[in-house]
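Engineer: Chain by chain, the residues:
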Amino acid sequence: MKLPAPPRFLRPSPPRPGGGNGRTARENGGHLPAPPSTKERASEAGASAVGWLDERSGLSPFLRGFLYRKVPKGTNWYYTLGSATMFAFLSQAVTGVFLAMYYEPDPTRAYESASHITNDVFLGELVRGMHKWGSSVMIILIFLHMGRTFVFGAYKYPRELNWIIGVILLVLTLAMGLTGYLLPFDQRSFWATVVAVNINASGPIIGPYLADFLRAGAEFGGTTIPRFYAIHMLLIPVLIAALIGAHLYLVAKLGTTAPPWLKAQKKDLLKEEI
Amino acid sequence: MADSPSQNPERKSRYTSGRGIAGAFEGETVTRRRLMEGTALAVGGIASAAFGLPALGFALGPIFEDTTPTRWQGVGPEGDFNPRTYVPRVINIAPNIGDAGKTTVYVRRFNPRQDKVIKGEDPQPYVAISTRCAHLGCPVRYIQASGKFVCPCHGGIYGFQGQVEGGPPVRPLDRFYTRTSNGTVEIGDRFSVNSELRRYSPRDPSNHLDGLWQYLYPARPTT
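Residue numbers (our numbering), protein chains in the order written: chain A, 361 to 634; chain B, 2 to 224.
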């Protein structure tokens with residue numbers, strides 16, 4: 361039985377100048393190399409797809425440099441807190457996107473739609489719970505990561521810019537907590553938001569304007585929840601994602617620091633050598 | 002002197018030909034490359050501003066427009082209210098959002114013997130005290146036995162006139178304009194008062210209206 365010809369992308373590519381063993385069929389003793397069987401082609405399809413992507417994007421040297429970069433001696437589990445924070449953010453992003461499929465940002469519907477998610481939607485309680493508790497986890501991880509950076513002195517030259525970006529990320533994450541708190545729209549949400557907006561109003565000069573911006577008016581009104589919702593799910597996540605990119609770029613570019621106790625040892629060693 | 006070509010002709014000349022740039026035209030002061038750079042940046046800037054500024058104004062609009070138009074709401078016949086104590090009434094301050102738009106006001110009749118009239122202000126026929134705490138906006142309640150307003154959040158205490166008697170609030174409780182129409186008491190717009198109960202445009206909780214502090218909290222542009 362003759363199998364139909366495999367699709368074009370599964371066929372072996374023609375030899376390139378300078379590629380392969382560089383020998384033509386005549387140099388090979390008059391024999392063409394045996395064409396690979398369908399099974400061989402299929403087993404190589406994954407690798408060839410990766411190769412196709414890599415040849416056109418140059419991703420693998422970048423990824424190799426990023427994932428297999430050298431780290432200083434003494435690197436320990438505390439250095440994973442930043443990645444842990446990022447995964448907490450990714451978890452928030454994914455669960456948030458799916459919560460948005462059921463949530464209705466309207467003052468008369470918000471509470472009912474949130475209850476609907478918890479009580480009726482399949483796995484709704486789990487997804488909403490992950491989003492709710494995950495927010496606290498993310499804030500705790502940020503502070504642990506920040507504490508590690510501070511205690512290890514990893515904020516010093518030349519990494520000051522990364523500390524500054526990290527502080528902006530912290531503030532944005534706290535703003536996420538503030539804007540997300542209103543969305544279930546129960547009594548606690550409502551009054552916490554009233555108080556939080558009025559705390560903003562207590563800032564001198566710009567405070568009153570800031571409060572009116574957040575509330576979309578002088579009183580808590582019909583557009584306050586949509587406004588908080590848009591800030592919570594569009595404005596701040598985009599900023600956080602972009603700044604995480606910059607944060608990671610600087611980590612890859614500058615490398616990480618050794619723990620401070622190793623630096624002290626090195627100094628002693630140097631002294632002994634002299 | 003600085004433009005004198007005799008000093009350093011490559012750098013000081015204002016003409017591109019004088020600076021030794023290849024392909025320079027006679028009398029040209031900006032290279033074509035530099036001009037194109039500037040043009041591309043300016044076009045990009047104009048294009049960004051063309052969508053960015055309207056969007057920003059759209060988001061900031063509520064600061065500059067009056068979102069709470071004046072409307073009078075009846076809260077009961079005149080006979081329901083007396084000058085000695087407050088009667089709670091619920092009014093709507095934000096339309097179409099259900100219970101979240103409602104607030105309680107404490108209403109009593111104006112009493113010329115205990116309520117002083119501020120010079121230059123027309124006295125309101127009824128005193129309608131807002132329950133929005135002047136600290137951070139929690140709802141205060143009136144305690145009949147002590148004749149005081151008490152806030153549950155941070156312990157603000159106000160006297161019978163709504164003046165601060167203890168806790169963190171920075172100014173007395175807000176009030177509402179009142180009037181009577183066909184024997185019905187009606188509640189109008191909110192106004193804020195300072196420690197002398199002088200009227201000001203409505204301010205947010207936590208905004209001072211006394212001393213030097215008041216200058217740190219500007220009134221709304223719409224008032």
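There could be a bad hint or two in this list.
Taking CB as the label site, the calculated pair distances span [stated by the list, open to error]:
#1 Pro620/A x Glu29/B: 55 to 63 Å
#2 Phe59/B x Arg548/A: 26 to 34 Å
#3 Thr478/A x Gly189/B: 50 to 58 Å
#4 Gly615/A x Asp100/B: 27 to 35 Å
#5 His155/B x Leu413/A: 35 to 43 Å
#6 Glu520/A x Asn93/B: 32 to 40 Å
If you want the footprint, here are the derived chain A segments under chain B, 3+ residues with CB under 8 Å [stated by the list, open to error]:
#7 435 to 449
#8 605 to 619
Bear in mind the hints are in silico, worked out from the structure with no lab data behind them.
Model, not experiment: these values are computed from the prediction.
Glycine is no exception: its CB is placed at the ideal position from the N, C-alpha and C atoms.
Engineer: Against each hint, give a clear statement of whether it holds in the structure.
Structural biologist: Against the structure, the hints:
no. : hint                            : result
1   : Pro620/A x Glu29/B: 55 to 63 Å  : holds, 59 Å
2   : Phe59/B x Arg548/A: 26 to 34 Å  : holds, 31 Å
3   : Thr478/A x Gly189/B: 50 to 58 Å : violated, 41 Å
4   : Gly615/A x Asp100/B: 27 to 35 Å : violated, 56 Å
5   : His155/B x Leu413/A: 35 to 43 Å : violated, 59 Å
6   : Glu520/A x Asn93/B: 32 to 40 Å  : violated, 52 Å
7   : 435 to 449                      : violated (count 0)
8   : 605 to 619                      : violated (count 0)
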